[in-house]
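Trainee: Each chain, written out:
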Amino acid sequence: NAGVTQTPKFQVLKTGQSMTLQCAQDMNHNSMYWYRQDPGMGLRLIYYSASEGTTDKGEVPNGYNVSRLNKREFSLRLESAAPSQTSVYFCASMEGTARDGYTFGSGTRLTVV
Amino acid sequence: GDSVTQMEGPVTLSEEACLTINCTYTATGYPSLFWYVQYPGEGLQLLLKATKADDKGSNKGFEATYRKETTSFHLEKGSVQVSDSAVYFCALLLGVDYKLSFGAGTTVTVRA
Numbered sequence: 023n024a025g026v027t028q029t030p031k032f033q034v035l036k037t038g039q040s041m042t043l044q045c046a047q048d049m050n051h052n053s054m055y056w057y058r059q060d061p062g063m064g065l066r067l068i069y070y071s072a073s074e075g076t077t078d079k080g081e082v083p084n085g086y087n088v089s090r091l092n093k094r095e096f097s098l099r100l101e102s103a104a105p106s107q108t109s110v111y112f113c114a115s116m117e118g119t120a121r122d123g124y125t126f127g128s129g130t131r132l133t134v135v
Numbered sequence: 002g003d004s005v006t007q008m009e010g011p012v013t014l015s016e017e018a019c020l021t022i023n024c025t026y027t028a029t030g031y032p033s034l035f036w037y038v039q040y041p042g043e044g045l046q047l048l049l050k051a052t053k054a055d056d057k058g059s060n061k062g063f064e065a066t067y068r069k070e071t072t073s074f075h076l077e078k079g080s081v082q083v084s085d086s087a088v089y090f091c092a093l094l095l096g097v098d099y100k101l102s103f104g105a106g107t108t109v110t111v112r113a
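These protein sequence lines map, in sequence, to chains A and U. Taken in order, the first sequence gives residues 23 to 135; the numbers are from our numbering. Taken in order, the second sequence gives residues 2 to 113; the numbers are from our numbering.
Derived by calculation from the structure, the hints in this document are not laboratory data. Don't be surprised by glycine CBs; every beta carbon is placed ideally from N, CA and C. Among the hints, a few may not be true.
Claimed, not checked - Okay, derived cross-link-like pairs now, BS3-like style, lysine-lysine, Cα gap no bigger than 30 Å in a straight line:
id : chain 1 : residue 1 : chain 2 : residue 2
1  : A       : K31       : A       : K79
2  : U       : K100      : A       : K79
3  : U       : K69       : U       : K57
4  : U       : K100      : A       : K31
5  : U       : K61       : U       : K78
6  : U       : K61       : U       : K100
7  : U       : K53       : U       : K69
8  : U       : K61       : A       : K31
9  : U       : K100      : U       : K69
10 : A       : K93       : A       : K79
11 : U       : K78       : U       : K100
12 : A       : K93       : A       : K31
13 : U       : K100      : A       : K93
14 : A       : K79       : U       : K53
15 : U       : K78       : U       : K57
Unchecked claim - Derived coverage of chain U by chain A (criterion: at least 3 residues anywhere in the stretch with Cβ under 8 Å from a Cβ of chain A; other residues may be distant):
id : region
16 : 13-20
17 : 41-54
18 : 103-110
Said to hold, decoys possible - Which residues of chain A face chain U? A few of them, derived with a C-beta cut under 10 Å, are:
id : residue
19 : Y55
20 : Y57
21 : P61
22 : M63
23 : L67
24 : R90
25 : C113
26 : R121
27 : D122
28 : S128
Throw the hints in and build the complete structure from the sequences for me.
Mentor: Given below as structure tokens:
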């Protein structure tokens, strides 16, 4: 099925460990986004990539890095995980005219202990 | 900055009751407005949208009208079902980088 694929779906990390969340879309969308979802706070933008080769900080970028590997893939890296990064992470993509908003992946539930 | 405020939940309803979730926005320009729905354990799905003033978005029995004069985009459904139990997010999209700004979400539970 066409859409946004995120891996892994669940992950438990120890404080200080690193990991990369993977995201790929097969809809030929230009823009890709990483959000985190926390109870009572909605979704907050971490980083985004308006086009292949560009990345920009969102609202809550501290502690994260991203790579837009190609048009399809946009990864999120936690270099040294902290308990405050326990959250559900969503990747999304959008076609150029924005008329349909975003297409979201199913999320990665990350717990940092 | 651009922002969205939606009514706090949780909201609990009986089947066939009417549902209204209020959403207001603050934006410097003319945003597109969206409602997304998140069913338990899943990602967000687009429920409906409106791209200009007075547009009405509708889907699955839900409706919302883009009211520029009141900067609102309230979500309504006349008769809810148990399957409508979910978290609903209001969002606005504005700017050249097309970043969506979300409200905090409203959890709706419909009881049989």
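Trainee: Of the numbered hints stated earlier in the document, which are not met by this structure?
Mentor: Failing hints, ascending: 16, 24.
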